[in-house]
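Student: As a plain string of letters, each chain reads:
2 protein chains.
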Amino acid sequence: MPKIVDHDQRREEIAKAVLRVVAREGVGGVTVRDVAREAGWSTGVLSHYYENKRELLIGGMREAARIIGLRMTDIMRDRTGLDRLRGVIEEGMPLDDQREALCRIFFFFWAEGVNDPDLSAELATYYDWWRGQIRQAIESCQTEGSIRSHDAETLSEMFVALADGVAVQAMFNTRKIDKRRQRDLVGQWLDIVGAEPAADRRHGRAAGRGK
Amino acid sequence: MPKIVDHDQRREEIAKAVLRVVAREGVGGVTVRDVAREAGWSTGVLSHYYENKRELLIGGMREAARIIGLRMTDIMRDRTGLDRLRGVIEEGMPLDDQREALCRIFFFFWAEGVNDPDLSAELATYYDWWRGQIRQAIESCQTEGSIRSHDAETLSEMFVALADGVAVQAMFNTRKIDKRRQRDLVGQWLDIVGAEPAADRRHGRAAGRGK
Chain R
1 MPKIVDHDQR
11 REEIAKAVLR
21 VVAREGVGGV
31 TVRDVAREAG
41 WSTGVLSHYY
51 ENKRELLIGG
61 MREAARIIGL
71 RMTDIMRDRT
81 GLDRLRGVIE
91 EGMPLDDQRE
101 ALCRIFFFFW
111 AEGVNDPDLS
121 AELATYYDWW
131 RGQIRQAIES
141 CQTEGSIRSH
151 DAETLSEMFV
161 ALADGVAVQA
171 MFNTRKIDKR
181 RQRDLVGQWL
191 DIVGAEPAAD
201 RRHGRAAGRG
211 K
Chain P
212 MPKIVDHDQR
222 REEIAKAVLR
232 VVAREGVGGV
242 TVRDVAREAG
252 WSTGVLSHYY
262 ENKRELLIGG
272 MREAARIIGL
282 RMTDIMRDRT
292 GLDRLRGVIE
302 EGMPLDDQRE
312 ALCRIFFFFW
322 AEGVNDPDLS
332 AELATYYDWW
342 RGQIRQAIES
352 CQTEGSIRSH
362 DAETLSEMFV
372 ALADGVAVQA
382 MFNTRKIDKR
392 RQRDLVGQWL
402 DIVGAEPAAD
412 RRHGRAAGRG
422 K
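Protein chains in written order, with this note's numbering: chain R, 1 to 211; chain P, 212 to 422.
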């Protein structure tokens, strides 16, 4: 009986193996040989699906983005208010192996993407979608009064920037920012960024350069 | 008469040439040959100071960090209050060619640094120092009442995360975040993050997971 090969499934399995290697050893650990070993196939089979390290990383990135996108979609459907906003921010942070692998691949392609218009456009698509989900969650919160009435696009940019920025600091910090502290920070951001400012603001504002 | 070569000066000139190449062509444009052309020396002279692309980038990173560190030190000495805080945040953002080059090199080493403890430690040193300056500026503002009385370390982490995060979004965004908008955002962050929250906060808080 001839073997029936489900190519999409195999591509997906290989992409998942890429994520495991990245989670364990970083982007530098990704080679066709290592991923083949991790996936349990020969490098010959692997190279039928992904030609080189770069292709493997793109495959891993797409797979992680797909999984995380599904989780975010679930959160947007199942939760409400601040809990929903919190969830959709946290899903984009390196709080488990899969999300940490995605962050590491993103770091890699942040550096690469600058000189690659196609890749840059693909990263922008992920960001736009994520920011859009966060914006939608913010707008619901604003309707119920749990987030301040500031421009929702600016607030969503801020939450994305905070999530990315703290992921960077978590990686390059003499004082370790562990996963527990990252979660704690999300709560503080919601308190700080989301809270209505005092009505009687006595203090001076930032010099209005560029405003 | 024998030529007197100031090696430190030459290293510095080459590092500055690296920054110009990165600003113009990105990290991918950095090769010993290109930097030699930019600096106006032969690749032979260049290789006496920097062995390969990686060494060149580290040289460029240190030079940019040095220049930006001097500027931040000036701001810390010469300005006060929110203007000082604003200045020391903006100096770390890609608002001119030199700072943009530093950001691009940082992006590159964010990806690299994960697997290189020495480099990772060096990046952490820069972050610690920058965050320390921001923290000091925040504490002065808190004393004069222009920034809310929240833990200064958390607020300084937030401003660093916002600056890094928006630099990433500026690079990978279907809607371009230009330098003018980045400056505008800094003003909004100071308004939003810095403002005292309303005393009578009616709305629910974020679910306290991990707090």
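The set of hints was computed from the structure by calculation and includes no laboratory data.
Just so you know, even glycine gets a beta-carbon here, dropped at the ideal spot from N, CA and C.
Be aware that a few hints might be false.
Claimed, not checked - Label pairs and their computed distance ranges (CB to CB):
hint, chain 1, residue 1, chain 2, residue 2, range
1, R, D178, P, D285, 56 to 64 angstroms
2, R, R11, P, T284, 47 to 55 angstroms
3, P, I215, R, P117, 42 to 50 angstroms
4, P, S360, R, D74, 33 to 41 angstroms
5, R, R79, P, R221, 43 to 51 angstroms
6, P, W340, R, S42, 27 to 35 angstroms
7, R, T31, P, D219, 36 to 44 angstroms
8, P, A409, R, T80, 19 to 27 angstroms
Claimed, not checked - Reference listing, derived: stretches of chain P covered by chain R, where coverage requires no fewer than 3 residues with Cβ under 8 angstroms from a Cβ of chain R:
hint, segment
9, 243-256
10, 263-273
Student: Are T31(R) and D219(P) spaced within 36 to 44 angstroms by their CB atoms?
Tutor: Given about 39 angstroms between the Cβ atoms, the range holds.
Student: Has the hinted range 42 to 50 angstroms been met by the Cβ atoms of I215(P) and P117(R)?
Tutor: At roughly 47 angstroms between Cβ atoms, P117(R) and I215(P) fall inside 42 to 50 angstroms, so the hint holds.
Student: W340(P) and S42(R), beta-carbon distance inside 27 to 35 angstroms?
Tutor: Violated, at about 49 angstroms.
Student: Between R11(R) and T284(P), does the beta-carbon spacing fit 47 to 55 angstroms?
Tutor: Holds: the Cβ-Cβ distance is about 52 angstroms, inside 47 to 55 angstroms.
Student: Is the hinted range of 43 to 51 angstroms satisfied by the C-beta distance from R79(R) to R221(P)?
Tutor: Since the Cβ atoms of R79(R) and R221(P) sit about 60 angstroms apart, the hinted range of 43 to 51 angstroms is violated.
Student: Range first: 19 to 27 angstroms. Now tell me if the beta carbons of A409(P) and T80(R) are that far apart.
Tutor: 23 angstroms, holds
Student: If you check the beta carbons of D178(R) and D285(P), does the distance land in 56 to 64 angstroms?
Tutor: 35 angstroms, violated
Student: Please verify the coverage claim for the segment 243-256 of chain P: does it have three or more residues whose C-beta sits within 8 angstroms of some C-beta in chain R?
Tutor: Not satisfied, violated; 0 residues make the cut.
Student: Taking the beta carbons of S360(P) and D74(R), is their distance inside 33 to 41 angstroms?
Tutor: 38 angstroms, holds
Student: Verify the coverage statement for the segment 263-273 of chain P against chain R, using a C-beta to C-beta distance below 8 angstroms and requiring 3 or more qualifying residues.
Tutor: violated (count 0)
The structure does not agree with the numbered hints 1, 5, 6, 9 and 10 stated previously, though it agrees with the rest.
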